[in-house]
Amino acid sequence: MTSGSWNESVWQMVARIPHGRVASYGQIAHMLGAPRKARHVGYALAAAPEGRDIPWQRVINGRGMISFPSDSHQHRLQKAMLLEEGLQFDAKGRIDFRLFGWQP
DNA sequence: CTCTTGACCCGAA
DNA sequence: CTTCGGGCCAAGA
1 MTSGSWNESV
11 WQMVARIPHG
21 RVASYGQIAH
31 MLGAPRKARH
41 VGYALAAAPE
51 GRDIPWQRVI
61 NGRGMISFPS
71 DSHQHRLQKA
81 MLLEEGLQFD
91 AKGRIDFRLF
101 GWQP
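The numbers in the working numbering rise by one with no breaks, and the one at position 91 of the first sequence is 91.
Simulated from the structure, these hints should not be mistaken for lab results. Nothing here was measured: the structure is a model prediction, and the numbers come from that model. Misleading hints may appear alongside valid ones.
Lysine-lysine pairs mimicking DSSO-like chemistry, simulated, CA-CA at most 30 Å apart [said to hold, decoys possible]: (1) Lys92 to Lys37; (2) Lys92 to Lys79; (3) Lys37 to Lys79.
What follows is a set of in silico ranges between Cβ atoms, one per label pair, in the way DEER data are often shown [claimed, not checked]: (4) Ala91 to Asp53: 29 to 37 Å; (5) Pro69 to Ala91: 13 to 21 Å; (6) Ala46 to Asp71: 27 to 35 Å; (7) Thr2 to Gly93: 20 to 28 Å.
C-beta atoms are modelled at their ideal positions from N, C-alpha and C, and glycine is treated no differently.
Take these sequences, add in the hints, and give me the full structure.
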């Protein structure tokens, strides 16, 4: 598998996550048949083109938390977009996968 | 070639 | 429940 098709596969998979739902990096990697490449899902999203309309904000880490530093601009942006989709964070900034996890 | 760097993950304590 | 350490793997220096 070429590196280009890997990115493309990630983008298409992430695009399937429904509004108001979230998936983890590891989950996406697992669904693509590459369970050990969770980190590379994040890299692919960072490389996603602007005009592709990819819901990157719906991908969080396996602990249900946003994987950007809590004081970063990106963290605030992602959290704001998720709140706007109706997701709920607990007091420690975690999302409950039992309630909002994407189960295809 | 080696070394470092991550939008990660999981088991052990 | 939390923290810690080791593992992972592609890309770039």
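- Query: Are Ala46 and Asp71 spaced within 27 to 35 Å by their CB atoms?
  - Reply: violated, 19 Å
- Task: Assess, step by step, whether the Cα of Lys37 is no farther than 30 Å from the Cα of Lys79, and give holds or violated.
- Result: holds, 24 Å
- Compare the distance between the alpha carbons of Lys92 and Lys79 with 30 Å, and conclude whether the hinted pair is satisfied. holds, 13 Å
- Can you let me know if the beta-carbon spacing of Thr2 and Gly93 is within 20 to 28 Å? The hint (20 to 28 Å, Cβ to Cβ) is violated, given that Thr2 and Gly93 are roughly 36 Å apart.
- CB of Pro69 to CB of Ala91, is that within 13 to 21 Å? holds, 19 Å
- Hinted pair Lys92 and Lys37, Cα distance within 30 Å: holds, 27 Å
- Can the suggested window of 29 to 37 Å be confirmed for the beta-carbon pair Ala91 and Asp53? holds, 32 Å
Hints 6 and 7 from the earlier list are contradicted by this structure; the remaining hints agree with it.
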